[in-house]
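For chain D, the structure is supplied; the task is to place chain E on it using the hints.
Residue numbers (my numbering), protein chains in the order written: chain D, 1 to 272; chain E, 1 to 291.
The set of hints was computed from the structure by calculation and includes no laboratory data.
Computed from a prediction, not measured in an experiment: that's the story for all the values here.
Idealized CB from N, CA, C, for every residue including glycine.
A couple of the hints might just be wrong.
[To be verified] Stretch by stretch, here's where chain D covers chain E in the computed footprint (C-beta under 8 Å, at least three residues):
hint	region
1	158–165
2	169–183
3	215–222
[What the hints assert, rightly or not] Straight-line C-alpha distance at most 25 Å; calculated SDA-like pairs for lysine to any residue:
hint	chain 1	residue 1	chain 2	residue 2
4	E	K154	D	R136
5	E	K154	D	L63
6	E	K154	E	L216
7	D	K74	D	L63
8	D	K115	D	R73
9	E	K92	D	Y15
10	E	K176	D	H14
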Amino acid sequence: MSTPAILVENVTVHYGEVLALDSASLTLGAARICGLIGMNGSGKSTLFKVIMGMIKPDAGRVLIGGQSPSKARKEGGIGYVPQSEDVDWQFPLSVGDVVMMGRYGHQGFTRRPSKADKAAVDEALDRVELGEYAGRQIGQLSGGQKKRAFVARGIAQGATMMLLDEPFAGVDKRSEATITRLLQELASDGCTILISTHDLHALPELCDEAVLLMRRVLMHGAPELVLQPENLAMAFGLDVLNRPLPQHGAPGGHGHKDPAASADAAPAKNRG
Amino acid sequence: MDLLDILLEPLSYDFMVRAIVTTALAAVVCAVLSCWLVLIGWSLMGDAVSHAVLPGVVLAYIVGAPFALGALVFALIAVTLIGVVRNTSRVKEDAAIGIVFSTLFALGLVLISVTPSQTDLNHIIFGNLLGVSIPDLIQVLVLGVVAFAILILKRRDLTLYAFDPTHAHAIGLSPKRLGALLLGLLALTSVVALQTVGVVLVVAMLIIPGATAYLLTDRFNRMLVIAPVVSAVCSIAGIYLSYYLDTASGAMVVLTQGVVFAAVYLFSPRQGLIGTRLAKARRRKAAVLAV
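Only chain D is shown next, with the shape it has when bound in the complex (with noise of 0.2 Å):
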C-alpha cells in the first residue's frame, strides 16, 4: 500500500479544560479530494491546525505524505486557503503580490522574485482565469475570485496538498462550479485536496470521499453515504431532520445555524 498522503492517528487536543478533538484518526490517499463535515465546534479549524503543525496535539500523531508536518511545510507542500472572514481584505496587495507569496519558501533571504517566480505567478492566475485582475487590490475581487486569488497562490506553491476553509461561503452558484473544476483539476494532477465546509450540496458533485467529524471522526466514506439523513444527525444533532429542507435540496443543509451549536472552541488566532 503507498504512503497515506494525511495520516491522522488517534489525535487528541485540548484547550485548557475544553476537549476539541478526541481521538480522531483520518487516512486520506494522494489526489483524493475528500469533504470534512461538521458543526461549529465540531474541531475542523483544529483538524486543519494539527495538519498544518501549528498546533502540538496532547496525544496522537500526523504524517504528511509520510514525515513529519513541520518537515512537509519546509518542502512547501502544504497550501492552505483561509476562511473569507479571516483575511483583511482592505489590505493594500494586489491579487498578483498576494499569488507571489506561495513563492516565498522558493526565494532568498529578502524574497526577490526572479523570472521563475514571476512566470510561475503568471502561470497559476492564468489556470484560475485571473490574469487579467493581477494588479487588482485584492478586496476589489468577487466572492468566487477572492477564492480562486488564494488557490493560485497555493499553485504558485507547487502546493501537493491543499487545505481549503469554508472555500464556497459567499461564493455564487457559477463561481462555485468553476472552483469545483478547478480542484477536480487539480486532483487530477495529483494533488491531494482537504475542504472543510457547512456547503453539504456542492459535497457529491465535487469529492470522492466526505468525513463526518464530531470531535472525533464519526464516518468516513463515499459522499452519498455519509451525507444519509441518519448520519447527518449523528454529527449535526437530531433536530436537523425536523426542519424543513433547504431550497437546494440538500438534507439537512444548515443544521449549523443552531445557535445552540455555535460555540467554536477555536482560539483567535495569536499575534503574540
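Using the frame of chain D, we list chain E on its own:
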C-alpha cells in the same frame, strides 16, 4: 524676508541643523515601521512598547550602557508581561496592555525622580530636539540605519506576517519569529524617536504616517514610500513652525503630522470624506459633458 531667508535663517544655528537631521531620520524610520503597525492593528502595542522602554533607558543611563540595550530588554519584558496577563487571567488584551505599559512607564518616572542629573532624563519624556548633541545624533543615526535596513530587507516577510500569518506558517516560516522581529524593531525605533519627540509622543510618529499613507494608496510598496516622505516633510515643517512661532518643537512636529492626516482624511481622492464626493461630482460632470 523672502522664502529662501525663511528657510535658511534657522540653519545658521548648529543646534537647528542637528535638530532637523535627527528629526528627519527618526521620522523616516518610524514612518516605515508604522506601515506594518497600522495594518496589523498594533497601534496600541506601539504605544505600549514606546512607553514601557522608559525604565530600561533610565537604567541604561545609570549604569552607562547604551540606551538601545535597556530599551530592548524592557520592550521584551513588557511584551512578555502583557502575554502572561492576557493568557493566564480573564483580563482582556487591551486591559493587559494598559496595565503593563502604564506601570512600567511609572516605574521609569520613579527611577528618574531618584536619579541625580534629572535634566537629561526629563528630556526623554518630552523630547529635547533643540538640545540634541553630536553623540545623540550618532546614536540616532546608527540605530535608525540598522532598523531601517532590517525593515527594508525583510519587508516581504513582514508583510506576509501582517497579511496572513497562517500561510507564513504553512510554507515553513515562523510567524512567532517574524512577530518577535517586528517587536524588536519597534523597541529599537522607539529609542530613535525618544530623542526627538520624547516618550509621550513617540506613538504619534509610529502611527500617523502609516495611517496617512494607507488612506492614499492601495499598494503596500507605495505606502513604504509615501509614509516616510510625508513624515519627513511634516517633521521638518514642524520644526520650522516651532522656530518661528516659538513653540515646543517635539509637539509641533506631531501636531503637523496630525494636521496633514486630517487633510488627507478629508480630501484623499480614494478614501477621503470630501475627496471621494468631489471625485464623484467631477465624473458626473464629465459624463454630462460627454453627452
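Checklist entry - Does the alpha-carbon distance linking K92(E) and Y15(D) stay inside the 25 Å limit? => result 17 Å, holds
Next on the checklist: Please check whether the region 215–222 of chain E has three or more residues whose CB lies within less than 8 Å of a CB on chain D.
Outcome noted: holds (count 5)
Checklist entry - Does K154(E) pair with R136(D) here, judged by a C-alpha cut-off of 25 Å? => result 24 Å, holds
Next on the checklist: Just to be careful, I want the Cα atoms of K115(D) and R73(D) compared with a cutoff of 25 Å; is the pair within it?
Outcome noted: It holds: about 24 Å lies between the C-alpha atoms, which stays within 25 Å.
Item to check | Restraint check for K154(E) with L216(E), where alpha carbons must lie at most 25 Å apart | outcome: 23 Å, holds
Next on the checklist: With the threshold set at 25 Å, check whether the alpha-carbon distance from K74(D) to L63(D) stays at or below it.
Outcome noted: 14 Å, holds
Checklist entry - Taking 25 Å as the top limit, are the C-alpha atoms of K154(E) and L63(D) close enough? => result This hinted pair is violated, its Cα atoms lying about 31 Å apart.
Checklist entry - Is the Cα-Cα distance between K176(E) and H14(D) 25 Å or less? => result 21 Å, holds
Item to check | Per-stretch coverage check for the region 169–183 of chain E, three Cβ contacts closer than 8 Å to chain D | outcome: As far as the region 169–183 of chain E goes, the hint holds, because 10 residues have Cβ atoms under 8 Å from chain D.
Item to check | Residues of the region 158–165 of chain E with Cβ under 8 Å from chain D, three needed, outcome | outcome: holds (count 6)
The structure shown violates just one earlier hint, number 5.
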